[in-house]
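A.B. asks: Chains as they are written, first to last, in this note's numbering: chain C, 1 to 503; chain H, 1 to 503.
Keep in mind that the hints were calculated from the coordinates and are not lab data. Mixed in with the good hints there might be a few duds.
Because identical chains cannot be distinguished in the list, a pair is counted as satisfied if it fits within a single copy or across any two copies.
Claimed, not checked - Only pairs whose alpha carbons sit at most 20 Å apart, straight line, appear in this in silico SDA-like list of lysine to any residue:
1) Lys217 / Arg37
2) Lys217 / Tyr34
3) Lys496 / Ala312
4) Lys496 / Asn316
5) Lys137 / Ser113
There are 2 protein chains.
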Amino acid sequence: MRPEAAYHELIRRTREESLLACCAELLGWDEETYLPRGGVAHRAEQMALLAGMQHARATDPRLGELLDILEGSPLINDPSLPVAANVRELRRLYRRHTRLPRQLVEELARVTSLAHQEWVAARTRNDFARFKPWLTKIVGLKRREAESLCDGGPLYDALLEEYEPGALSDELARLFEALRTELVPLVAAVRDSRQRTEADVLRRHFPIETQQQFCAKTAAAVGFDFARGRLDTTDHPFFTAIGPDDCRLTTRYDAHDFGAGFFGMMHEVGHGLYEQGLDAEHFGTPLGCAASLGLHESQARLWENTIGRSWAFWRNVFPQAQKAFPQTLGDVALDDWHHAVNRVELAADRVHADELTYNLHILVRFELEQALLNGDLETADLGASWQASYQRYLGVTPKNDTEGCLQDGHWASGLFGYFPTYTLGNVYGAQLFATASRELDGVDEFLADGQFRPLLEWLCDRVYRQGHRYPAAHLIERVTGAPPSHHALVRALRAKYSELYGV
Amino acid sequence: MRPEAAYHELIRRTREESLLACCAELLGWDEETYLPRGGVAHRAEQMALLAGMQHARATDPRLGELLDILEGSPLINDPSLPVAANVRELRRLYRRHTRLPRQLVEELARVTSLAHQEWVAARTRNDFARFKPWLTKIVGLKRREAESLCDGGPLYDALLEEYEPGALSDELARLFEALRTELVPLVAAVRDSRQRTEADVLRRHFPIETQQQFCAKTAAAVGFDFARGRLDTTDHPFFTAIGPDDCRLTTRYDAHDFGAGFFGMMHEVGHGLYEQGLDAEHFGTPLGCAASLGLHESQARLWENTIGRSWAFWRNVFPQAQKAFPQTLGDVALDDWHHAVNRVELAADRVHADELTYNLHILVRFELEQALLNGDLETADLGASWQASYQRYLGVTPKNDTEGCLQDGHWASGLFGYFPTYTLGNVYGAQLFATASRELDGVDEFLADGQFRPLLEWLCDRVYRQGHRYPAAHLIERVTGAPPSHHALVRALRAKYSELYGV
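Bound-form chain C, shown alone (with noise of 0.2 Å):
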């Protein structure tokens, strides 16, 4: 068979896989908004039978065999055409999908399904006992998955590379001891400052359907497509990729908590971004993906905080705000609000924490799904562990397990691995936006007048368009200039703490 037709039949299968993986990705957006709540048994046994189809086309031999004709074939030689970046990636994830037993994957697919639903109960009712005999089969699956494509090397790693393709443990380790060792003593000064702010304006009356209006308009005004995807209201907001021209974001509100459903809608518009500007000529193939669940973090937190905390993006927004809120926001002036959304607390709850303490939210799971992984800890002592944890880098208790081990859904979803690519995506973030601050003049100022177009078109051109070209950590270095390091968000958290709280 000649090489290219062989590259041929590799994508139309490739793409024939993402279809049918574009199918899961319904089925599980719909679990998630409307799922009725008696067809959640059902709904599990659908996502097994397509876990199990997907595995089959992505495990068939056949795949196998035109990956060897292309290895072996001159389309390859310039590895950074989309032919070799393509049989480059499909390769790891051929070798990666073989090495996975079906009987795994679909019992995966099952119990994370069923476990979901256990998870809300048990959180809803501070019930850690209900979810514990759940995690504790999920952190054997797990186990079962991380042993099959280990070669020997430690088990988190191998769940690692699902996320963040090419990430070390051990790297991972120094970098969170970096970022540990530069912001415990910020935070401490924070805390000690006679500087307190106040975010009480947040927490005024907010009435939801004007949030709903509101964050509809600011989605589409920083550049998101609405023919080419939604924002729906659930109780924990997330994004779902149906499809090219198919990205639905949703998030939560609260009448008495601005914030929670406007960043949590910033938040996903930066997924959602990401997404829309990935390039649909290569739909379905990895020049067409996301190169990494980190880079896809690292738009959310920088659409999130870097630009939706920032003053310039308030100084355009905020008299907006004003408009749609008159009673609730017409006495706040600009720079108390500024201060508001960049208030740092010290609390028990990841999702609404601020950018300075987040990482260190990161770190406690970071440490505790590798202990889970190991066996170095049982789940009956997860509770304790996660407290002494949140004691010894945030200095807080959470009251209870609902505000503690129990407030993500990840590990109920199978995701372990995945928490520390939201701290990547601050460190990716933070890297990328300061490249772009020096290389289109005056960033702040097109943000001050509401001109999202000249960094979004960066941010496409430099990354979201390359989709998996090349590895994340890759990406970024020849974007940026340098490797991926903390050095970047430790100098924009420093910038920006210090004005706020004079430390």
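Position chain H against the provided structure of chain C, taking the given hints into account.
C.D. replies: Quick look at chain H alone, frame taken from chain C:
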């Protein structure tokens, strides 16, 4: 292989096929409710992929081998046992699927998906010429489909079997002839009656949000289980069963037409009650599926018309409607309301036709689609024939093609042989309700008290939980003691309209 093992494998495969079909159902539901408009093309690709996978499974030779083993075994000696009924139906479906060339199936899927858009455009612009080539193409494809299936029998019967297994066109022709003979004079008498009723009260202002709440409350009151289903808003009412515990209804609302939303809801609720009443234990096999579209429609028509337009029903529900719409309905008397919801109108529009004239609309389509399929009518002459038929049976002439032969999208979707199931639904529904009225003492009193459970339980027991254990006509005969006939329907219509119109 032992027959028990063969049956086990057969059912496992059948259930998997059903699970996959459910995924396609969700994709279809989502397309009509929440899909961003940019996502349509990609959704078509997803649907095509799933359809191809379903076809491959449905025609897998392994199914034929398993059926061979079972048909030669004592397991099916007693034809009333589940195993015998499942084997009978699965053999019928396998025979049908394997006779259809895959290329024809794919061509039909592609052409009807494109033709649907052309039909929408043609209807909007009253431009039959635009739709004609597509209709010609579809008629040709459906003729090829029928030729693959008909075994020398009537072409039309081969298509009918898809929707109403066991039905024959000559029997249907006799049924329609009997209905025509009885109904045409009755319609004429009503038209000439001095007791003309007005439906103005239905055209007053009914705020849409209140309608939505009222419809959901009524759906729950008659027995639709919202823990296992939903009710959403769309342009065209429909129902989808995504699983045994996930049945989704939609209706459309018009602030100046109470009937559109309410009776649309009652119609879909009838479908929903049938689906929710199927035996979940047999999900995914014929025993857990509806026996025919005619029987499904019978439940929609029974709950929409026989119950939903009865005086007894409104005796209980009208005071609630008055409470929900106090300004709109405060001055309306129950009898006037009951007259209004049963108003007979000689019009060209099938969807909003009253109970009395509805079957004449179907008769027009039944005759014309046979003529198209058999080559007795060219698509070029369809418009003129449509007009002539409406004049002959209903005494009205549609203003143009949009109100005439372009009003329904069924033929654009390739649905030939589907229309008669509406009339079969009316026939089955009336016959079942007459039997229920004999066996359940005081059905009208139950309805007038808002007690729907006795009737629903009777229907569940006799019809819904039977699934496809018997062909629909056999089931009707078992439950009512007589084969399906026009008698009960004509009796019910005579009784209702002689009272309302004094004829």
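A.B. asks: If the cut is 20 Å between Cα atoms, do Lys496 and Ala312 qualify within a copy, between copies, both or neither?
C.D. replies: within (12 Å within a copy, 71 Å between copies)
A.B. asks: Using 20 Å as the alpha-carbon threshold, which applies to Lys217 and Tyr34: within, between, both, or neither?
C.D. replies: between (23 Å within a copy, 19 Å between copies)
A.B. asks: If the cut is 20 Å between Cα atoms, do Lys217 and Arg37 qualify within a copy, between copies, both or neither?
C.D. replies: between (31 Å within a copy, 18 Å between copies)
A.B. asks: At most 20 Å between CA atoms: does that hold for Lys137 and Ser113 within a copy, between copies, both, or neither?
C.D. replies: Within one copy, since 13 Å is at most 20 Å while 44 Å is not.
A.B. asks: Reference check for the pair Lys496 and Asn316, CA-CA at most 20 Å: within, between, both, or neither?
C.D. replies: Within one copy only: 19 Å inside, 66 Å across.
Violation of the numbered hints given earlier is absent; every hint is satisfied by the structure.
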